[in-house]
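Asker: Here is what each chain is made of, one letter per residue.
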Amino acid sequence: MKFTYSWLKQHLDTDASLETIADTLTRIGLEVESIDDPRVALAPFKVAHVISAEPHPDADRLRVCKVDTGAGIIQVVCGAPNAKAGMKGVFAPPGSYVPGIDLTLKPTKIRGVESAGMLCSEREMMLSDEHDGIIELASDAPIGASFAEIAGLDDPVIEIAITPNRPDALGVAGIARDLAAAGLGRVITPAIDVIEGDYPCPIAIEIDAVEACPVFAGRLIRGVRNGQSPQWLQNRLKAIGLRPISVLVDITNYITFDRARPLHVYDAAKIGAPVRVRLAQPGENVAALDGQSYETQGGECLIADENGPLGFGGVIGGSASGVSDETVDVLVEAAWFEPVGIARTGRLHGLESDARYRFERGVDPTSVRWGLDLATRMILDLAGGSPSTVVMAGHPPAAHKAVCFDPQRVASLGGLDVPRTRSREILDRLGFSWRDETDGVVIDVPEWRPDIDGEADLVEEILRIEGYDKVPSTSLPRLVDVARPTLNLAQTRAGAVKRRLAHEGLFEAVTWSFMESRIGRIFGGSDRLLLENPISSELDMMRPSILPNLMQAAAKNRDRGVEQIALFEVGPDYQGLEPKDQRLVAASLRAGQSGPRHWRTKAGPVDAYDAKADALAALEAAGAPVDNLQVFGEAPDWYHPGRSGTLRLGPKRILAAFGEVHPRILLALDLKGPMVGMEVFLDEIPQPKAKSGRARPALQRSNLPVVSRDFAFLLPREMPVANLVRAARTADKVHITGIDVFDIYEGKGIEPDQKSVAIAARLQPLEKTFTDADIEIIAGKIIMAVEKATGGILRR
Amino acid sequence: MNEQLESSLLAEIESAASSDALEAVRVKALGKKGLITLEMKKLGTMSPDDRRAAGPALNHLKNKIADAIALRKTALEEAAINQRLAAEGWDMTLPISPRAQGRIHPITQVLDELSEVFADLGFAVAEGPHIEDDFHNFTALNIPEHHPARQMHDTFYMRPDDAGVRKVLRTHTSPVQIRTMLEQKPPIRIIAPGRTFRSDSDATHTPMFHQVEGLVIDRDIHMGHLKGCLEAWLSAFFEVDRVIMRFRPSYFPFTEPSAEVDINCAWRDGELIVGEGDDWLEVLGCGMVNARVLSACGLDPTVYQGFAFGAGLDRLAMLKYGMTDLRPFFEGDSRWLDHYGFAPLDVPTLAGGLSKGLAK
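Here the protein sequences come in this chain order: A and B.
Residue numbers for the first sequence follow my numbering, so the first one is 1 and each next one is one higher.
Residue numbers for the second sequence follow my numbering, so the first one is 1001 and each next one is one higher.
Hints are computed from structural coordinates only; laboratory data are not their basis.
Note that the structure is predicted; figures quoted are calculated from it, not measured.
Incorrect hints may appear among the rest.
Partial chain B-side listing against chain A, Cβ under 10 angstroms, derived [unchecked claim]:
no.: 1; residue: I1069
no.: 2; residue: L1071
no.: 3; residue: K1073
no.: 4; residue: P1129
no.: 5; residue: F1135
no.: 6; residue: R1150
no.: 7; residue: K1167
no.: 8; residue: P1187
no.: 9; residue: I1190
no.: 10; residue: F1197
no.: 11; residue: V1216
no.: 12; residue: C1229
no.: 13; residue: F1329
no.: 14; residue: D1333
no.: 15; residue: P1344
no.: 16; residue: L1345
Idealized CB from N, CA, C, for every residue including glycine.
Could you put the whole structure together from the sequences, leaning on the hints where they help?
Answerer: Structure below.
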């Protein structure tokens, strides 16, 4: 919402400065977005009298002028063809910044003649492109006066952001009312006289859609002369960014901004009676004033005549029935449209207009008649003509609202103790009426405030005028002495997993929750996950997995020459649209080399075991029982079938999947391998067992030395080593404390269908050091158990 | 005879060039069948007088030889170490083996900072689904279907289901307010951080971003508490003694009265400094929870009241840590993550400070 300072002063008698007004507007909730004060740029430019203009001795086209600036006589060399003795012009003294030539003036010599300052053209002041000569002012312009003031260019433009609840502030009069309530002067909005009219209105108006348009007031004005608006009206509209069109249209625009009262004017010669307000059928054609043609979808509120639609009521008028310079008889419309229908019509057809903006937020329903009379007054004054009586179809909707109000609520809800009399004063000034009833206070709400819904709204009105800054800051009562933990298990786990994975050398990424559906489908995404209005076709599906986003980020990193890529994300994936379908997943992706080239540490390409390590690190950090997990194959399809696995608690409960990304998927996404990744499904990790206390079981420490024994077994090549380890580990649960796999060998010296696996068993004696015989017994148990479980035999 | 033995043994000890040679001398002198051992054995066969004469001399010899061996042993060991050290020089200017260090994303870091501060104020962290229904995202928040505020949200919609119902991507974290109030009875103190979605894209808007919501519901919470709470956390978060806040009246359908909050700031050499100076910076929206929202959640607005606030989590991170563009937050660019990310062990605490400035 834009308006000018002088426009405001027509509604508000105040001596407050522009700065005070701006600060107050923001303070009371009408946030100032910008102030454009042309006086600042035009300040140096003053009215000056050219006393003499003699030819320059050394240049035919230049003149040497003596100029009376009001502050002295100055000599100026001027090149303008129209510079002549006796004229009044616009003078910029030395030191002025002239925006049109981007120059700060200094006293100088032009072809040897001293010259100080400049007589200016419009272009030099950036007022227009006019540059045929310097500005000639009226002969009675006072010497030394501000040019901005003389030219009516001294009116600052204020732009404020109006929240959707304040349609009343979409008119200058409403803004003035708020400012007056805040103590910045007195409302002087001119009263509007009722104009009865000179003859009956010959145009009938009928409403077939009372829900959409309960009231429509119209009147004919005969014999108008439509043409350009007077300069003051054009200036005002231009100042707020509106293009002056003709006096009749300009008046409706003016009243829209002056009183938040949209109107419409029809050329009576171009409409057929009766004017009918009805809902559109699908497929009707509306040729609108914006030059576009719109096909109705059905249900839009139309103003129509017997020939068809004249426009979308309350949104935009039609081109065929619009006024022009030839218009002689004009039908003026002041109606009230139901906000929901207006919003729908506007949205369906992408139509933005000042009328729509106001109607969909709520126009004062009582403004129908006075709006029409105000328009009539202005038309009669500016375009002449003779008014008919008013045709009032329908009835304004009942708008009276009363709210019970406990004045104590200002303190108990608003936190500020405002005296009752002061509350009453504020509400009075805003147009509310305060009634002391036997069972409490009742506040009558003015019709221009459709937003007032209850007590809290009144508290806000009082607080915002009194000043939010006056509400004293109060500490929240402390609920406990020392703060208690507030994170739930999932949050604590997610935090621990993030820090652990970062500690493992991975960079935490946060990527879109959406992805390209082509890719999403590869990762199990169904059509249910598609967005109806994606921001782009590359982000049109909710991600069924985090991995592809990390893969694409990895590829971009690689394009920039990064050789070791290690990313992770802990966040949601989406298996469906229900809350339960949103899973919390920790995913990691490594690509390229496992480390930089180094003289001491040999790095190679990342492999599936790196991904397994990341998965186990995440699981361990989240408190999963990692010792009890079993590794299965059967990872999802996007993993390499021979180099992937799942980590499960029992056969069904999958806590993680990991592996090398399937080469076919790398091909499909045009990515370079190898890439390895993992996904840990944090929601699947069981709750920790409830323990009675935090104390840990007593530690059993033996003073006897641990003994290590090595074994090498020949196993069938396909046999998982995990089976061997488990068999060996459990061969003697009392003494065996650990099994380390330290060598895997296939090749020369071993049958092709076999592999050699070397393990070290750590043995802990309990009561006395082992004798050789003790160790032989345990070794025998290990060899037997391994053979039984895997068919593996000891290499001798 | 002892003198001769002594001098010959001492000479052998002195000339022993290795610990093995020295050990041979020891065995020769003091071993079970060593020269001195044999002499000692002879003492038993002597007369008491002879023994009195020979005994001490022999003992003296034995001790002298043992000491000499010990001395020589130390000298040999010393020489061996010196020799080893001379051969064991390394170039310690060589680079160490790389130990990969990852980074924590600024959003996580800032969220951890907020969790820490709000835990002290007694706020739990609540969450909710990203794919929401109309009721939680709009209707229960007093944003009816045709409300102009709905259009201001640039909502993403999912495709309608078979019944024609369209889910939305939550446009704010406020639906978590609704879920919380439907699930638990007051007193309520939560923050609800998380992903939010709006169809918008430029340097400071991305189609996905993060908000943090706050909600306090009790019997006698008023706007002064809102101010006090915001002042406490903004001061703690920006790590200044006390931010100065400016409350501007505003409008949100789910709060009444409503305000937008600016905090004071200064620009110095292009850098933003929060909590100093007299420029204003908008940081959040807030207000007293609208009675209609309480009613929609089954709470009696004549009994319960409270406040809510919502701020951009990414924006808070940008303000605190100096990023000027939001888009790289979501690109997974290692260079950006390395530069703006945090060391994994740099966990914000109240005792140690939210940002410690130790590690990069």
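Asker: Hint by hint, note whether the structure agrees.
Answerer: Each hint, compared with the structure:
1. I1069: violated (32 angstroms)
2. L1071: violated (34 angstroms)
3. K1073: Result: violated, 28 angstroms to nearest chain A Cβ.
4. P1129: The hint holds - P1129 of chain B has a Cβ within 10 angstroms of chain A, the shortest such distance being about 4 angstroms.
5. F1135: violated (13 angstroms)
6. R1150: Since chain A brings a Cβ to about 9 angstroms from R1150 of chain B, closer than 10 angstroms, the hint holds.
7. K1167: holds (5 angstroms)
8. P1187: holds (8 angstroms)
9. I1190: Result: holds, 9 angstroms to nearest chain A Cβ.
10. F1197: holds (7 angstroms)
11. V1216: Hint holds; V1216 of chain B Cβ to chain A Cβ min 7 angstroms, cut 10 angstroms.
12. C1229: holds (5 angstroms)
13. F1329: Status holds, d = 6 angstroms.
14. D1333: With a closest approach of 7 angstroms, the D1333 of chain B hint holds.
15. P1344: holds (4 angstroms)
16. L1345: Constraint on L1345 of chain B satisfied, holds at 7 angstroms.
Checked against the numbered hints above, the structure breaks hints 1, 2, 3 and 5 and satisfies the rest.
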